[in-house]
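Participant: Which chain is which? The protein sequence lines are H and Y, in order.
Residue 35 is where the first sequence starts when you use our numbering, and the numbers rise one by one after that.
Residue 457 is where the second sequence starts when you use our numbering, and the numbers rise one by one after that.
These are computed hints drawn from the structure, not numbers from a lab.
Keep in mind that a hint or two might mislead.
Stated by the list, open to error - Straight-line Cα separation of at most 20 Å, SDA-like style, residue types lysine to any residue; simulated pairs:
| # | chain 1 | residue 1 | chain 2 | residue 2 |
| --- | --- | --- | --- | --- |
| 1 | H | K103 | Y | Y1079 |
| 2 | H | K103 | Y | L1080 |
| 3 | Y | K1041 | H | S71 |
| 4 | Y | K977 | H | L64 |
| 5 | Y | K977 | H | V62 |
| 6 | H | K103 | Y | P1081 |
Claimed, not checked - Beyond 12 Å from chain H on every Cβ pair, some chain Y residues (computed):
| # | residue |
| --- | --- |
| 7 | A482 |
| 8 | A671 |
| 9 | E808 |
| 10 | R994 |
| 11 | N1019 |
| 12 | P1081 |
| 13 | T1161 |
Model, not experiment: these values are computed from the prediction.
Where is the CB? At the ideal position from N, CA and C, for every residue including glycine.
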Amino acid sequence: MSETETTVFVVDDDVAMRRSLENLIRSVGLRVEAFASAQEFLSSKREDVPGCLVLDVRLPGLSGLDLQKRLAEVDIEIPIIFITGHGDIPMTVQAMKAGAVEFLAKPFRDQDLLDAIQQALERDSKAREQRAEVEVLRSRFELLTPREREVMPLLVAGLLNKQIAIELGSSETTVKIHKHHVMEKMRASSLAELVTIAARIGSPTPKS
Amino acid sequence: MKQTIDEIRRLRGCINDLISVQALPAMWTGQEPAQIVSTLLDVLIGMLRLDFAYARLKDPAGESPIEMLRLPQSRNLTASPQTIGHVLQPWLEDAPQKWPVLVRNPIGDGDVSIMPLRLGLRDKIGVIVAGSQRADFPGETERLLLSVAANQAAIGLQEARLLSEQKRVAEELDQRVAERTSELLAANEQLEKEIAERMQAEQKLRRSEAYLAEAQRLTHTGSFARNVAAGKLTESSEQHSLTHSSDEHSRLYGFDPERGIPSSEEFRQRIHPEDRDGALEKFERAVAERTDVEVDFRTVLPDGTIKNLHAISHPVVNTAGDLVEYVGTVMDVTDRKQAEETLRRSEAYLAEAQRLTHTGSWALNVATGEPTHSSEEHLRLLGFDPEKDKPSEVEFRQRVHPDDRESVVETMDKAIGERTDFEADFRVLLPDGTIKYLHAIGHPVINAAGDLVEYMGTSWDVTERKRTEEALLKAQSELAHVTRVATLGEMTASISHEINQPLGAMVNNANACLRWLAASKLEEARQSAMLIAADGYRAGEIVARIRALARKAPPRKDWLDINKTIQEVITLTRSEVQGNHVSLKTRLGRNVPPILGDRIQLQQVLLNLIMNAIEAMRGVDEYLPRELWVDSEEVESTDVLIAVRDSGPGLDAETLDRLFETFYTTKPEGLGMGLPISRSIIEAHGGRLWATANASHTGAVFQFTLPISERAS
Chain H
35 MSETETTVFV
45 VDDDVAMRRS
55 LENLIRSVGL
65 RVEAFASAQE
75 FLSSKREDVP
85 GCLVLDVRLP
95 GLSGLDLQKR
105 LAEVDIEIPI
115 IFITGHGDIP
125 MTVQAMKAGA
135 VEFLAKPFRD
145 QDLLDAIQQA
155 LERDSKAREQ
165 RAEVEVLRSR
175 FELLTPRERE
185 VMPLLVAGLL
195 NKQIAIELGS
205 SETTVKIHKH
215 HVMEKMRASS
225 LAELVTIAAR
235 IGSPTPKS
Chain Y
457 MKQTIDEIRR
467 LRGCINDLIS
477 VQALPAMWTG
487 QEPAQIVSTL
497 LDVLIGMLRL
507 DFAYARLKDP
517 AGESPIEMLR
527 LPQSRNLTAS
537 PQTIGHVLQP
547 WLEDAPQKWP
557 VLVRNPIGDG
567 DVSIMPLRLG
577 LRDKIGVIVA
587 GSQRADFPGE
597 TERLLLSVAA
607 NQAAIGLQEA
617 RLLSEQKRVA
627 EELDQRVAER
637 TSELLAANEQ
647 LEKEIAERMQ
657 AEQKLRRSEA
667 YLAEAQRLTH
677 TGSFARNVAA
687 GKLTESSEQH
697 SLTHSSDEHS
707 RLYGFDPERG
717 IPSSEEFRQR
727 IHPEDRDGAL
737 EKFERAVAER
747 TDVEVDFRTV
757 LPDGTIKNLH
767 AISHPVVNTA
777 GDLVEYVGTV
787 MDVTDRKQAE
797 ETLRRSEAYL
807 AEAQRLTHTG
817 SWALNVATGE
827 PTHSSEEHLR
837 LLGFDPEKDK
847 PSEVEFRQRV
857 HPDDRESVVE
867 TMDKAIGERT
877 DFEADFRVLL
887 PDGTIKYLHA
897 IGHPVINAAG
907 DLVEYMGTSW
917 DVTERKRTEE
927 ALLKAQSELA
937 HVTRVATLGE
947 MTASISHEIN
957 QPLGAMVNNA
967 NACLRWLAAS
977 KLEEARQSAM
987 LIAADGYRAG
997 EIVARIRALA
1007 RKAPPRKDWL
1017 DINKTIQEVI
1027 TLTRSEVQGN
1037 HVSLKTRLGR
1047 NVPPILGDRI
1057 QLQQVLLNLI
1067 MNAIEAMRGV
1077 DEYLPRELWV
1087 DSEEVESTDV
1097 LIAVRDSGPG
1107 LDAETLDRLF
1117 ETFYTTKPEG
1127 LGMGLPISRS
1137 IIEAHGGRLW
1147 ATANASHTGA
1157 VFQFTLPISE
1167 RAS
């Protein structure tokens, strides 16, 4: 990943704090985009670049925690580093449970923030890689016929061909052909591998 | 024969003459003696052919005698009776000589024979003298005739005289009767007049007595007279018995006036036992000294009524200098006594009330400028002794504190000039150095003619109140400080956040600066250093504001821009606003005039209202807007209106009612002091603070006004 692409987003309503964060992050050679409120961040047109979010907990309107929730709701996965003037333990726990990278109390040591940013960026790039792999698996899954999509969860669930034939009201031979196509299309060398793929793409589980 | 015939004729003639003479008295009846004599003389001269007939009649009253003379008419002779009288004088004296027969003829030549005829015993009546030149005179028949005539005349004259006497007596009697009658008439008239006058006087007297009785009855005043024998005071009470007791006097003692004057003992018994001896002793002492005396005493009537009487008595001394009696009046003064008592009591109540409330009353004569009334408490308020001092207006005014004197005098004089009420607050400085605060009000008293007569008013001591007010003000100020500190305490978290922000920024910028320096990025390093400086200033400002709020400073008034004050408070509350996800908007009026006020106090009010608004919106659902507006505007160029609105749940009726009550709070941690203190601060600034429901939104509006002061140039 190139440095120009990677961006650290900062949301803090306090202009001095916001400016100092920008200054600090820029001084380590990272690109920074700063926002005064959660709404401003949400409505901005951001490039889908690797990055992380330095987020103040207390904000006018939508709070930092609200923003975290909102981002999760719309499947925007961006590592978040919370900063707060007076963080308490319940708030910290809530933030961390929701996947925050770090929770820093102001004033914090610059290195702690920069380390957290670094960690977050790594986590983001890793996540991005994983997301890319799943995308590939999903596109393979898209190639399956409807019948094959029915057969796959039953295979993953560990049913025998005979059982699958009964389940689908089909013949054992036909099931065997479907199984072969699924393994081929999903590029699974073994049933175990197919199970792993299914888990990653989150394919539907068979109806009980 | 012839002789005989002549003689018969002569005799016959003589008889006729005699009959004529005899008849004379019948003619004379009722005649005067002079007339009788006159006819007699006429008869004699004719009958006897006399040369003269003279009569001299004595006046019974002793006057000069009446003389008469008759002469024969044929001879034309004239002579006065006095001539004959003179000739006959010697025989007419008191002791007459013997009558001669012949006398010289007084009326002719020769001698005449005369014959005197005496009338009555010793010529008592008078004498008649007949004279004739005839020598034979008087013949025998002539003598008879003359003597019969004289007798007849004497009888006639006697009768006439008697008659005349009788007549005179009768006349006299008549006259005396008349005189007496007229005297009696006059006397009668006088008497009638006197009677009339007396009746009138009596009527007058009766009327005046009636008036007096009426007057006595109406005024409850009785009169009495008391018989006192000097030097016998110790004798029986009858010595001092009442000789007069007017009806009302008797009634005052409860006696029926119709029954006459009661005895002294009866009167004595009606005097109240407690007063009896004292009153009587006082009276007797006065009697001994013969002086006027006034006695006050009570009477007890049979029905139990008690009357207060006031008696005045006065000694009456006769010309010999002896004391005769005491007269006097007794007046029923029960009503007056009661009125006096009531008045005395109500005056006492008033004085007591004035004393207890430290309120004095006074009145001032506008014309003379001198006080006409000054209650005891008023004197005491100004440090005078009510027992001794009678200060003049100048002395009163001298007690006013020198710093206040001019304005008080000016206020009073202005009110007097304009006939208006006045009120004044001032201090008095007493001689011992004590200072009192007085509040005085006065109003003009105008008579029916519309003239200003006097000013009356009251002054009361408000020193205690002033001190209480000052103490209250101090307590309020302390309380305000406490709540301010408490508010700051509540805000500690946000305040530390507020300070942490610039501090954190400074740290970040300093670290950034170091990194820029390490990378030799000097421009960036310089920028970072500038940011550090700016953040440092900001932190300093915040600390200063907090210190100002926490400071315990006495109220002071400065000209201030209310919009700036609002901004300062908003800065302080910013983190609280943000922490609660509140959106704060301001709509501050342009060119809002500066107002005179205490910056810290007004900040406290704004802080209070904003914090309350935030607090109110804390429970609002997250998806609903939490909005806070702070507005300012000029209203009718007299006031500045500041409004703090929120979009919270608003105020219910009960809360609205009790909002400004001390210790009323809807917050679990609240003191219930914020709004009452805010209101007292605003009111101390001459403004108003009130709450209403927010009309266009949910939520509440708190508004306050501050008067725009004329800026003193």
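Participant: Each of the hints needs a verdict: does it hold here or not?
Facilitator: Hint check results:
1. Between H:K103 and Y:Y1079 the CA atoms are separated by roughly 14 Å; this keeps the pair inside 20 Å, and the hint holds.
2. Between the alpha carbons of H:K103 and Y:L1080 the distance comes to roughly 17 Å, so the proposed pair stays at or under 20 Å and holds.
3. As the CA atoms of Y:K1041 and H:S71 are separated by approximately 16 Å, the hinted pair is consistent with the 20 Å bound.
4. Between Y:K977 and H:L64, the direct Cα distance comes to roughly 15 Å. Compliance with the 20 Å bound is thereby established for this hinted pair.
5. Restraint check: the Cα-Cα separation between Y:K977 and H:V62 comes to about 11 Å, which is no more than 20 Å; the hinted pair holds.
6. For the suggested pair H:K103 and Y:P1081, the alpha carbons sit about 19 Å apart, so the restraint of at most 20 Å is met.
7. Residue placement check: Y:A482 keeps its beta carbon more than 12 Å from all beta carbons of chain H (closest about 182 Å).
8. Residue-level check passed: Y:A671 sits 101 Å from the nearest beta carbon of chain H, beyond 12 Å.
9. With a closest Cβ-Cβ approach of about 67 Å to chain H, Y:E808 is found to remain outside the 12 Å limit, as its non-interface label requires.
10. Its beta-carbon lying about 6 Å from the closest one in chain H, Y:R994 breaks the requirement of being farther than 12 Å from that chain.
11. The Cβ of Y:N1019 lies farther than 12 Å from every Cβ of chain H, with a closest approach of about 21 Å, so its non-interface assignment holds.
12. The claim that Y:P1081 is not at the interface with chain H is violated, since a C-beta of that chain comes within 12 Å of its own (minimum 9 Å).
13. At roughly 30 Å, the least C-beta separation between Y:T1161 and chain H is larger than 12 Å, which holds for a residue marked as non-interface.
Comparing the model with each numbered hint stated earlier shows that hints 10 and 12 do not hold.
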